[in-house]
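Visitor: Starting from the structure of chain A, add chain B with the ligands where the hints point.
Residue numbers (my numbering), protein chains in the order written: chain A, 939 to 1449; chain B, 7 to 134.
Hints may contain errors.
[Unchecked claim] Below, computed lysine-lysine pairings styled on DSS-like, alpha-carbon distance capped at 27 Å: (1) A:LYS1395 <-> B:LYS38; (2) A:LYS1365 <-> A:LYS1326; (3) B:LYS84 <-> A:LYS1191; (4) A:LYS1265 <-> B:LYS114; (5) A:LYS1056 <-> B:LYS28; (6) B:LYS84 <-> A:LYS1262; (7) A:LYS1282 <-> A:LYS1239; (8) B:LYS80 <-> A:LYS1282; (9) B:LYS84 <-> A:LYS1192; (10) A:LYS1009 <-> A:LYS1191; (11) B:LYS114 <-> A:LYS1262; (12) A:LYS1265 <-> B:LYS28; (13) A:LYS1297 <-> A:LYS1282; (14) A:LYS1286 <-> B:LYS38; (15) A:LYS1282 <-> B:LYS38; (16) B:LYS28 <-> B:LYS38; (17) A:LYS1386 <-> A:LYS1396; (18) A:LYS1262 <-> B:LYS28.
[What the hints assert, rightly or not] Non-contacting residues of chain B with respect to chain A, defined by C-beta distances greater than 10 Å in every case (computed): (19) MET7; (20) VAL22; (21) LYS47; (22) MET48; (23) GLU59; (24) GLU70; (25) ILE74; (26) SER101; (27) ASP107; (28) MET133.
[As the list claims (entries may be wrong)] If you anchor each label on the Cβ, the simulated ranges turn out as follows: (29) B:ASP81 <-> A:SER1263: 25 to 31 Å; (30) B:ASP40 <-> A:VAL1336: 48 to 54 Å; (31) B:SER101 <-> A:THR973: 47 to 53 Å; (32) A:LYS972 <-> B:LYS79: 31 to 37 Å; (33) B:GLN128 <-> A:GLU1332: 32 to 38 Å.
The hints are simulated quantities; they were obtained by calculation from the structure and are not laboratory data. Keep in mind that this is a model prediction, so the values were computed, not measured. The beta carbon of each residue, even a glycine, is placed where N, CA and C say it ideally should be.
Spelled out from the first residue to the last, the chains are:
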Amino acid sequence: MKTIEEINQKIKNGDAVVVTAAEMTLIAKDKDIKTVAEEIDVVTTGTFGAMCSSGVFFNFGHSDPPIKMNKTYLNGVEAYSGLAAVDAYLGATQPNHDLDIGLDYGGAHVIEDLVRGKEINLMTEAYGTDCYPLKKIKAPITLENINQATMVNPRNCYQNYAAATNSTQETLYTYLGTLLPNYGNVTYSSAGELSPLLNDPYFQTIGIGTRIFLCGSAGYIIGEGTQHFTEAERHHGVPITPSGTLMLKGDLKKMDSDFVRGATMPSYGPTLFVGAGIPIPILNEDIALRTSISDEDIGCKIFDYGVPRRTRPVIKETNYQELKSGKIEINGREVPTSPLSSYKRAVKVAEELKKWIQKGEFLLSNPVDLLPNKGQLVKPLNIIKPPKMVCDIERKPVIITHPTDPVKEVAKKLVDNDINHLPVVDKNGKLKGIVTSWDIADAVARGKTKLEEVMTKKVIIAREDEPVDIIARRIDKNDISGLPIIDKDNKVKGMITAEDISRLIGKKNNK
Amino acid sequence: MKAWLRFSTSIVNKSVISDIMKLFDIDFNILKADITPRGGKMLVEIDGPQASESISYMEDKGIEVTPILKVVKKDTDKCLECGACVSLCPVEAISILDDWDIDIDNQKCIGCGFCISSCPTQAIALME
Ligand code: SF4
Ligand code: SF4
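For reference, chain A alone in the conformation it holds in the complex (with noise of 0.2 Å):
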């Protein structure tokens, strides 16, 4: 129906019809699909979230006498610098070297600050050679006196993403935000409607080649991104987890720090705000009807961040309507939601863009090639030893309590034993609480009696079929030093000791 070349000469005459992909989805409520089809030339997209695959290329220039970079730090975050001599690449999630300062400051907040044109201090340690003699430098710079920094973001813009919960009792600390117990939050990180790769789910004019919006200046998709997956599950055409990714590149030097930030996921880490928009021409009925696409007809899964393993449990399935609506309902109770990228900021992206096309400023491009839309899988990581279950550790026989049992009683098992935690179970040997020597100490202090007093209630346990590598981090987490573990009725089974973790792992690495 209307080709790029068309829509190009339409926006040099300056009477290109631009939307965005939120008004799109307005205007084609009331009109027919061909008409709209017709009239509208360009819908733009936009997205602002933490995008953790983002980064940098450096080439600082040749300093005299020339140096050879072996390892390079930007203010105290390292750049990995294994290329020709004065070429670097500094991730966004990179954490300071500086262990005081580690998350707080990393690879996307250097990225930022360059941005921002302030001053960065480099310092770069060599091997020396013939020809690059210098075996050190320290020197600052700023964005504007450095040869090139080209920012290439291997994925980015992820087709749909996931919405995350927490089933268990503990707050989590994840990349989708902070997570509170038995289900108290749910988030979530897609634009919904005004997200680029649901406006063109099956990469119609999407491909390498395609100028966009990134970061405020006009950038490129170089083509898919890492994990790009073209499989997933789809209703009305778009998919419902995780699918399309991009790589994309643009000129860090032309960028505005309204369109990059860096930000730390508490407890996860550092990781680059990035906003991308990208115009999509309207070049047939087909490519309209998926840029009208509304929040309620984009579905998305929210998964159990509390079962930290590659495959998730699903909670439920939902929209991006009722995650926006801010409540959604999770076994029968309301639950807040939250939004993890910036939907003000999208929105921004995506008008931002129109008006460069509208005043003539950005012309679409054809891409050289579009993005693959079927047969990509995302293979898994095999470990090649499988994961050691708590239900394969050699085990003490349990030794356990009750709690009705005396103070005195509990105290002589535990030195007899030569343990410092018991589990309290109940008469079918579920499990009701733990004790530990410190515990009978204090009730001996404070004359308490009876074992039901000075119990602990809420007690962190270890499941058998969980891989132990996670109880270790449990343990570690909670500053805990032992956990009983049960099987799937709560009935105790044993106990796991910080002790026998290190044993285990130990033992794992020298093999």
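Guide: Then chain B with the ligands, alone, in the frame of chain A:
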């Protein structure tokens, strides 16, 4: 009205708080307290007909009372309007406005600090 009360070492063991509740007609609500033998501070909400009398009384007894209009402050330059904080607030003080801006209602805020520790850009700070 919300206020920070600061206690020095010499008064932590005095029962000033329970005294004001007995002596004055006030609604007194403790939102946050951090008190050790070396002194401490407390975030409270005081309302009712005799609120100001009770404050004078506390000041007489050596408690430093700092009334605050805002419990927390959001730095609009740092805030990305990502919304991560919204679902974490236990009293629904944070909301998403019609234009997708993020707003904190300081009337509702109890200073729990959840949003502060979870903000990816450290845009929120407790007003002390
Ligand atoms: S979490 Fe921080 S950056 Fe995000 S909306 Fe809240 S205050 Fe703003
Ligand atoms: S400090 Fe607590 S109560 Fe106040 S806005 Fe933040 S989360 Fe809500």
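Visitor: Confirm or reject each hint.
Guide: Structure-based check of all given hints:
A C-alpha spacing of about 26 Å is found between LYS1395 (chain A) and LYS38 (chain B), which places the hinted pair at or below 27 Å, so the restraint holds. About 31 Å separates the Cα atoms of LYS1365 (chain A) and LYS1326 (chain A), which puts this hinted pair outside 27 Å; it is violated. A C-alpha spacing of about 21 Å is found between LYS84 (chain B) and LYS1191 (chain A), which places the hinted pair at or below 27 Å, so the restraint holds. Distance hint between LYS1265 (chain A) and LYS114 (chain B) is fulfilled; the C-alpha atoms sit about 19 Å from each other, no more than 27 Å.
Between LYS1056 (chain A) and LYS28 (chain B), the direct Cα distance comes to roughly 58 Å. Violation of the 27 Å bound is thereby established for this hinted pair. Proximity of LYS84 (chain B) to LYS1262 (chain A) is assessed by CA-CA distance (about 23 Å); at most 27 Å being required, the pair is judged to hold. Proposed proximity of LYS1282 (chain A) and LYS1239 (chain A) is supported: the alpha carbons are some 23 Å apart, at most 27 Å. As the CA atoms of LYS80 (chain B) and LYS1282 (chain A) are separated by approximately 16 Å, the hinted pair is consistent with the 27 Å bound.
The hinted pair formed by LYS84 (chain B) and LYS1192 (chain A) meets the criterion: a straight-line CA distance of about 21 Å does not exceed 27 Å. Proximity of LYS1009 (chain A) to LYS1191 (chain A) is assessed by CA-CA distance (about 24 Å); at most 27 Å being required, the pair is judged to hold. Distance check on the hinted pair: LYS114 (chain B) and LYS1262 (chain A) sit about 22 Å apart at the alpha-carbon level, within 27 Å; holds. A hinted pair counts as satisfied when its Cα atoms are at most 27 Å apart, and LYS1265 (chain A) with LYS28 (chain B) does not qualify at roughly 42 Å.
For the given pair, LYS1297 (chain A) sits about 23 Å from LYS1282 (chain A) by alpha-carbon distance, which is consistent with the 27 Å threshold. Pair hint LYS1286 (chain A) plus LYS38 (chain B) does not hold up; C-alpha atoms about 38 Å apart against a cutoff of 27 Å. In summary, the hint linking LYS1282 (chain A) to LYS38 (chain B) is not supported, as the alpha carbons are separated by about 33 Å, beyond the 27 Å threshold. A threshold of 27 Å between alpha carbons decides the hint, and for LYS28 (chain B) with LYS38 (chain B) the separation of about 21 Å falls inside it, so the pair holds.
Using a Cα cut-off of 27 Å, the hinted pair LYS1386 (chain A) and LYS1396 (chain A) holds, with the two alpha carbons roughly 19 Å apart. In summary, the hint linking LYS1262 (chain A) to LYS28 (chain B) is not supported, as the alpha carbons are separated by about 47 Å, beyond the 27 Å threshold. At roughly 28 Å from the closest C-beta of chain A, the C-beta of MET7 (chain B) stays outside 10 Å, upholding its exclusion from the interface. With a minimum CB-CB distance of about 29 Å to chain A, VAL22 (chain B) clears the 10 Å threshold, and the non-interface call stands.
No beta-carbon of chain A is positioned within 10 Å of the beta-carbon of LYS47 (chain B); the least distance is around 24 Å. Every CB of chain A lies more than 10 Å from the CB of MET48 (chain B), the least distance being 25 Å, so the non-interface label holds. A cut-off of 10 Å between C-beta atoms confirms that GLU59 (chain B) is not in contact with chain A; the least separation is 39 Å. Every C-beta of chain A lies more than 10 Å from that of GLU70 (chain B), the closest at about 32 Å, which supports listing it as non-interface.
No Cβ of chain A comes within 10 Å of the Cβ of ILE74 (chain B); the nearest lies about 25 Å off, and the non-interface call holds. Under the 10 Å C-beta cut-off, the non-interface status given to SER101 (chain B) relative to chain A is violated; the minimum distance is some 8 Å. Its closest Cβ contact with chain A, about 6 Å, brings ASP107 (chain B) to no more than 10 Å, contrary to its assignment away from the interface. Listed as a non-interface residue, MET133 (chain B) keeps its Cβ farther than 10 Å from every Cβ of chain A; the least gap is roughly 21 Å.
Evaluation of the 25 to 31 Å hint for ASP81 (chain B) and SER1263 (chain A) yields a pass: the beta carbon distance comes to about 28 Å. Separation of ASP40 (chain B) from VAL1336 (chain A) is about 41 Å and departs from the stated range, judged on CB atoms against 48 to 54 Å. A C-beta distance of roughly 38 Å is found between SER101 (chain B) and THR973 (chain A), which places it outside the suggested range of 47 to 53 Å. A C-beta distance of roughly 53 Å is found between LYS972 (chain A) and LYS79 (chain B), which places it outside the suggested range of 31 to 37 Å.
Checked against the hint of 32 to 38 Å, the C-beta distance between GLN128 (chain B) and GLU1332 (chain A) comes to roughly 46 Å, which is inconsistent with it.
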